[in-house]
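S.K.: Chain residues, written in single-letter form:
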Amino acid sequence: MNSKSGEKLISVYWFTILILVAGGIVAMVYVFYGVQYDVREIEGSIMINQISDCISRKGVLNEDIFEKSYQDNFLKNCHLNFNVEDENNWKENLQYYFEIKIFEINDLVNPKVDFNHGSLNLVSSCEIASEDYEKLAKCVEGKFYSIGKNNEQYLIKILSIIRKSEKNVKS
Amino acid sequence: MLNHRRGQIAETVTWRVATMIIVITLIVFIFISVQMSDAKNITPSNLVVKAGNFFKSDGVGEIDRLEIKTKFAFSLNDKNKEKINEWINEK
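Here the protein sequences come in this chain order: A and B. If you number the first sequence the way this note's numbering does, the last residue is 178 and the count never jumps. If you number the second sequence the way this note's numbering does, the last residue is 94 and the count never jumps.
Simulated from the structure, these hints should not be mistaken for lab results. Treat the hints loosely; a few may be bogus.
Unchecked claim - List of simulated lysine-lysine pairs, DSS-like, C-alpha gap at most 25 Å:
no.: 1; chain 1: A; residue 1: K164; chain 2: B; residue 2: K84
no.: 2; chain 1: B; residue 1: K74; chain 2: B; residue 2: K86
no.: 3; chain 1: B; residue 1: K86; chain 2: A; residue 2: K65
Unchecked claim - Each pair of labels, with its calculated beta carbon distance range:
no.: 4; chain 1: B; residue 1: F77; chain 2: A; residue 2: D121; range: 35 to 41 Å
no.: 5; chain 1: A; residue 1: I26; chain 2: B; residue 2: V37; range: 20 to 26 Å
no.: 6; chain 1: B; residue 1: K84; chain 2: A; residue 2: E92; range: 42 to 48 Å
no.: 7; chain 1: B; residue 1: W90; chain 2: A; residue 2: Y140; range: 24 to 30 Å
Stated by the list, open to error - To give a feel for the contact side, a few chain B residues facing chain A, derived at Cβ under 8 Å:
no.: 8; residue: W18
no.: 9; residue: F75
no.: 10; residue: N80
Source: prediction; values computed, not measured. From the three backbone atoms N, C-alpha and C, an ideal C-beta is built for every residue, glycine too.
Using the sequences and the hints given, assemble the complete structure.
M.R.: Right under this line is the structure:
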């Protein structure tokens with residue numbers, strides 16, 4: 008092999024390596040930035056934690072929860088707001104929903120308290136929750152036990168649903 | 004002539020080793036990127052707190068907020084404990 012053809016071969020080799028490295032960098036960037044941060048599950052859990060603090064403190068139930076007026080003004084009483092950015096038509100379609108059910112220990116079928124706030128349309132997403140349907144709303148459920156002022160036993164179930172798919176799932 | 008050939012062989016071997024190192028390094032970095040992108044799905048397990056002696060007998064491990072509330076309630080009234088735990092753990 009003469010020196011001229013050898014040099015040509017080396018430059019082809021370096022060109023191939025350059026493409027390989029550049030392709031690798033593109034692949035890495037695509038893999039990392041191609042996936043969006045999905046914070047809906049954690050957002051749902053934060054909402055459950057906030058709601059649970061309004062219902063029970065140090066294991067004792069806040070008995071105001073049995074009053075209709077407290078339930079109706081729950082968002083205000085619990086310092087929650089459902090305001091969202093004015094994007095993707097979110098202002099018109101609520102992106103949040105929660106449901107609270109409080110059962111007495113002797114009757115775990117019919118709740119003593121049952122109320123909700125937010126968009127009821129999101130509830131259907133929970134029934135078909137699967138990894139194949141990431142664009143649907145995320146549902147998170149929390150359950151805990153609390154006692155009343157007179158030592159009655161209550162079981163509390165909170166369901167929280169967050170949609171906001173446009174910002175959490177890659178379209 | 005023989006020396007010239009030896010030189011060519013050595014150069015080719017160096018190329019091959021260098022190419023392999025570059026390819027392996029790229030594969031490792033792509034694998035790390037995939038692992039890092041999987042970590043973008045933030046789950047409620049990020050919300051747990053370190054358990055103290057009150058919540059876990061050995062004080063080791065993590066516990067979530069609702070579990071803390073349940074433990075507090077059990078410390079005040081632990082009747083039907085089994086039934087309650089069963090209901091809470093029910094999917």
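S.K.: Against each hint, give a clear statement of whether it holds in the structure.
M.R.: Here is what the structure says about each hint:
1. Only pairs whose Cα atoms come within 25 Å are accepted, and K164 (chain A) paired with K84 (chain B) is accepted, the gap being roughly 17 Å.
2. Of the pairs offered as hints, the one joining K74 (chain B) and K86 (chain B) holds, with about 14 Å between alpha carbons and a cut-off of 25 Å not exceeded.
3. At roughly 21 Å between alpha-carbon atoms, K86 (chain B) and K65 (chain A) fall within 25 Å of each other, so this suggested pair holds.
4. For F77 (chain B) paired with D121 (chain A), a C-beta distance near 25 Å fails the hint of 35 to 41 Å.
5. For I26 (chain A) and V37 (chain B), the hinted distance range of 20 to 26 Å is satisfied, since their beta carbons lie about 21 Å from each other.
6. The supplied range of 42 to 48 Å is met by K84 (chain B) and E92 (chain A), whose beta-carbon atoms lie about 45 Å from each other.
7. With their beta carbons about 28 Å apart, W90 (chain B) and Y140 (chain A) fall inside the hinted range of 24 to 30 Å.
8. A distance limit of 8 Å between C-beta atoms decides the matter here; for W18 (chain B) the minimum to chain A is near 6 Å, and the interface restraint holds.
9. Because the beta carbon of F75 (chain B) sits about 3 Å from the nearest beta carbon in chain A, less than 8 Å, this interface hint is met.
10. With 8 Å as the threshold, the beta carbon of N80 (chain B) comes within range of chain A, its nearest partner Cβ sitting at about 5 Å, so the hint holds.
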